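Based on the sequences and whatever the hints tell you, model everything.
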Amino acid sequence: MSLFDKLFEKTARGAAQKGSRRGFIRGLGAALVGAGSIPLLPVARAADGGQKLPQDNRLPQDSEAGDPASCDYWRYCAVDGFLCECCGGTYNTCPPGTEMSPITWIGTCRNPVDGRNYVISYNDCCGTTQCGSCLCQRDEGDRPLYRADKSNDVNWCLGANSSVYHCSTAIVVGLAFEQ
Amino acid sequence: MSLFDKLFEKTARGAAQKGSRRGFIRGLGAALVGAGSIPLLPVARAADGGQKLPQDNRLPQDSEAGDPASCDYWRYCAVDGFLCECCGGTYNTCPPGTEMSPITWIGTCRNPVDGRNYVISYNDCCGTTQCGSCLCQRDEGDRPLYRADKSNDVNWCLGANSSVYHCSTAIVVGLAFEQ
Amino acid sequence: MKSLRSALRLGACSVLASSVLLSSLALAAAKQEQKAATRPDLPPLPIEETGAIRSLPKNMPESWMYVDEAAFFSMFGGKVIVLDVMEERPAKRIKAIADKNLLGNFKAAQKRDEFYIMESFHARGSRGPREDVLAIYDKTTFKILKEIVWKDATRLTALPERYSMGLSKDERFLYVANFSPAASFSVVDLDKREVVDVIGTPGCVLTYPTGERSVTSLCSNGGLLTTVLDKNGKKSAQHRIKPFFDTDKTPIFERPAIIDGMAYFPGFAGKMHTIDLRGDVAKFVETWDLITPEERKTNWRPGGLGLNDKDEQGLMYMIAHENGADGTQTHGGSHVWVIDVKNKKRLRKLALPGWGISIAVTRGKEPKLVVTNGDLNLDIIDPKDGKLIQTISDFGNVTPLLVHKAY
Amino acid sequence: MKSLRSALRLGACSVLASSVLLSSLALAAAKQEQKAATRPDLPPLPIEETGAIRSLPKNMPESWMYVDEAAFFSMFGGKVIVLDVMEERPAKRIKAIADKNLLGNFKAAQKRDEFYIMESFHARGSRGPREDVLAIYDKTTFKILKEIVWKDATRLTALPERYSMGLSKDERFLYVANFSPAASFSVVDLDKREVVDVIGTPGCVLTYPTGERSVTSLCSNGGLLTTVLDKNGKKSAQHRIKPFFDTDKTPIFERPAIIDGMAYFPGFAGKMHTIDLRGDVAKFVETWDLITPEERKTNWRPGGLGLNDKDEQGLMYMIAHENGADGTQTHGGSHVWVIDVKNKKRLRKLALPGWGISIAVTRGKEPKLVVTNGDLNLDIIDPKDGKLIQTISDFGNVTPLLVHKAY
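Chains as they are written, first to last, in the working numbering: chain A, 137 to 315; chain B, 137 to 315; chain C, 2 to 408; chain D, 2 to 408.
Bear in mind the hints are in silico, worked out from the structure with no lab data behind them.
Only a predicted model underlies this, so the values are computations on that prediction, with no experimental measurement involved.
Virtual Cβ for every residue (Gly too), placed ideally from N, Cα, C.
Some clues are possibly wrong.
Claimed, not checked - Quick list of the computed label-pair ranges, beta carbon to beta carbon:
id: 1; chain 1: C; residue 1: Pro244; chain 2: A; residue 2: Phe313; range: 39 to 49 Å
id: 2; chain 1: C; residue 1: Thr39; chain 2: D; residue 2: Thr288; range: 36 to 46 Å
id: 3; chain 1: D; residue 1: Asn222; chain 2: C; residue 2: Pro130; range: 39 to 49 Å
id: 4; chain 1: D; residue 1: Ala38; chain 2: C; residue 2: Glu323; range: 27 to 37 Å
id: 5; chain 1: D; residue 1: Leu146; chain 2: A; residue 2: Arg194; range: 30 to 40 Å
id: 6; chain 1: D; residue 1: Glu148; chain 2: C; residue 2: Leu146; range: 56 to 66 Å
id: 7; chain 1: B; residue 1: Asn297; chain 2: D; residue 2: Leu146; range: 27 to 37 Å
id: 8; chain 1: C; residue 1: Asp261; chain 2: D; residue 2: Glu148; range: 40 to 50 Å
id: 9; chain 1: D; residue 1: Val199; chain 2: C; residue 2: Arg194; range: 36 to 46 Å
id: 10; chain 1: D; residue 1: Asn324; chain 2: C; residue 2: Arg40; range: 29 to 39 Å
Claimed, not checked - A few chain D residues facing chain C, derived, Cβ under 8 Å:
id: 11; residue: Ser75
id: 12; residue: Asn102
id: 13; residue: Ala124
id: 14; residue: Gly126
id: 15; residue: Ser127
id: 16; residue: Glu295
id: 17; residue: Lys298
The following block contains the structure:
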């Protein structure tokens, strides 16, 4: 059933992850998945706001793989929360004024362009009240609290100075290898 | 223009009032007035919840004057906020767990049954987050902050232990006399 | 449509701009009429008391429920709302409200006139030191009797769970789950109103009351851990119960219905797991199938957040959906299954009027279902015939994720 | 309709249950296709940095605005949201968010790279001691540079006002309104980051910056009070300006547009009141009429919460409505009047696409209107032709009651 279970996840940055997922909004379930009203823009984007963004030199696997503002974007296979891409951050940076939680949950997502499976670290951005935009819930491989490493019901901002959750990033931290 | 300006307001309980009104929701203005979806029940109501309510022995001026859960109810001529009647309190009692602010704003409302003008004290109930039900805004005679005695833009829970506003009551504190 | 939006989300009592103008005119007209019919012969209304605060009855009616409003869109605004779900008059449904900050956890006592909210605060909203506080409420006055501050701010902050807190059978002890992510639970002596022990449960979470004075937790290896307490609420022993499911391949929901001391844990794919919590230490009893081979073909499965509850006659009610897949376990369902767990038999399948995310059941001999629907309102349903009694909206609800019986 | 509700109020990114199932199928199909077209020849994606936090440019573009989200339905959830109102991509509109508790007040500096939030906290949500805190933010990092705690918790808690705080011309001093209900204001030395004086203004409220280092407040008798400060920000003198309107009979809005040191206060019934704030002490200049005799017949009037703003060319923009009456002054309007205050001339009347409650104007030579509409979303309008450029919703907004220019 679960793709992820067949993979050995090579976590490149062990310190940054605890191998678990978080997802407040499981309960909102059926009514709340996706990013329906935001058009897909599967092209690389220029930086805005006067700051050089990581996206400026994105490889084709990112730039041609869909829209980071869409819940369908490949990195978000295990995300559950508000997308930082819509909150003043990007898919891999936190919005101004927040802090990135060092304790995260991870997922293994298949990149549709190069066909590889990557380990994604879903570091939450914490310290400002909910962003409230681009709620995205994708629960594949999710487990209840007893599998903390795979559970997205927990508020993982518990690892930050502030327990107040703002939005979630999706950061490539390594390649996953099939067993 | 304003009925109230022609009246001399005999405040029966000076200590409990500061002769002013409050109304957070002025700005919500146009879209938010009234109690549209709640049916009018212009009859006296039995107490519920195992507690004897003041309504049990209401005079005809109250019991035949409309529905205390409707924004149109006669006492609410100058109310602006969530009606305690819908929040676990009544039109003249606070919900469990809250405290009644001793600093209030007052209005002068005409009772449609006996034709008299009464002074109404709109004591806020404070100490629990917004009730969120039965928002009612009636801004007749309202003045900006410079007339604190008539301004409903201020959070009048400033007189309570907690500054957190929950809902508003409407208490008869005397008769108003025409000048 | 556009102009309906704010009306919808801002509560029952909203009418639109145009209506305001109309009603002003109507009121003016009405005023004229009323003037003619006034009765100045009546004695004037008496001066009324100020400062009156209502209270609730000691025994709440069977149709009153505690709604855990998690406030997912601003975790500062959480509430517990006492709601009479059978009340027809919208204005009379809310009975009382208590604050519940930062995904606070809730538990109602049955014998004590109390309920408990385990919550967290930063000193200044999102910033400043964090304090974890257990607030013990008087259920009739909704006043806080006592606040107990955790030594370490480690209490579980997660989506609402029925067993993030548990009560001992005699209700002397309250068990409170911690997760930092190291798992433990605190034991609160409710007579003395103090924490008497904090007990580590490595790899095991939540607090299912067991026997007289034991606590069972569910473990990452698919087993259980029972902590036995002494008469003062301190740890006396811990017992590990060997794995009865595979947390990777055959996961179960952490949300059992506990009926007469037996815990029934549904599996994602539709198997039921019976655990005996009546003794000092939990015992695995058996696994049985909830789903027919026919249903399995179209992947019928349990699903939802608070996906099940029980009535006082011992029946279990569970939300289910067709076409289940990896991920759908959290998404709710279209049906409710009524299950006679003692006879391992599904009695009925009820089609919900809409989508269901969480479910609760009222007390008494004629139980009603309280279903958090896809609009995040509450559908009240008669399980006898599946009929929708009423939909409750506009009680200050944003994300009413779990509903509890009130006593 | 029913199922649209949660989608509507829970944000732009929501699709409904049925769509979820459909999109799952679509995704599965897409996956098959993609598999055929993969390019394993590409080098793998590099490992990315964690911990990166964005910041904002020192000079914000003209179309960026600060939205004061008052969060009326839970005063704990207030925010200030930096929004690019001309951005077409919904996901790229939000630039940053700061918390703003309990009807906190907001002020943006122009020369300093700072903004200010004056807010209040109880130690535990709704309960515990209250603290009033001025948070000085770095506008590029959105980090707090300094928190200044009020000695007495008396700051004004009310619906958002542009002049609940004011800045001296040189931006060395910040004036912060207090209201307990005794009125005063605190003077904060922004260089030293400390309160240097708290000055009583009996019967007079708000802080309109005047001259180099004076503060004018609006009084209950229809007059003004100007407080002159010395070079250290301490009170040097106070001057009362005699009444120029009747607060009972001919009330004015407390919300002027201040253009080149001249404050233009609209009256409820449509008269404009010009006050000269350029000198050390305020001076009443004149009253003039905004409304034609024809319009007066159908009671055209200004109305709204943040009912007016100005552009950088010196024009004033104000919301107005027909059939005005006692009470409607707060209800917004259907039109925007563009007013050349220097020539006391109304240039244009723009019909709004919907109802308007508050208005703000972007910076620059081609200003755009930002109108909080009856749905509590933002309509972006070109004042040249009144055309709706776009409506901005789903930015976490509940009650975005006032919008400010960003610098």
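Hints, one by one, checked against the model:
no. : hint                             : verdict
1   : C:Pro244 to A:Phe313: 39 to 49 Å : 27 Å, violated
2   : C:Thr39 to D:Thr288: 36 to 46 Å  : 41 Å, holds
3   : D:Asn222 to C:Pro130: 39 to 49 Å : 47 Å, holds
4   : D:Ala38 to C:Glu323: 27 to 37 Å  : 32 Å, holds
5   : D:Leu146 to A:Arg194: 30 to 40 Å : 34 Å, holds
6   : D:Glu148 to C:Leu146: 56 to 66 Å : 33 Å, violated
7   : B:Asn297 to D:Leu146: 27 to 37 Å : 32 Å, holds
8   : C:Asp261 to D:Glu148: 40 to 50 Å : 55 Å, violated
9   : D:Val199 to C:Arg194: 36 to 46 Å : 41 Å, holds
10  : D:Asn324 to C:Arg40: 29 to 39 Å  : 33 Å, holds
11  : Ser75                            : 3 Å, holds
12  : Asn102                           : 5 Å, holds
13  : Ala124                           : 7 Å, holds
14  : Gly126                           : 5 Å, holds
15  : Ser127                           : 5 Å, holds
16  : Glu295                           : 20 Å, violated
17  : Lys298                           : 17 Å, violated
Of the numbered hints stated above, those contradicted by the structure are hints 1, 6, 8, 16 and 17, listed in ascending order.
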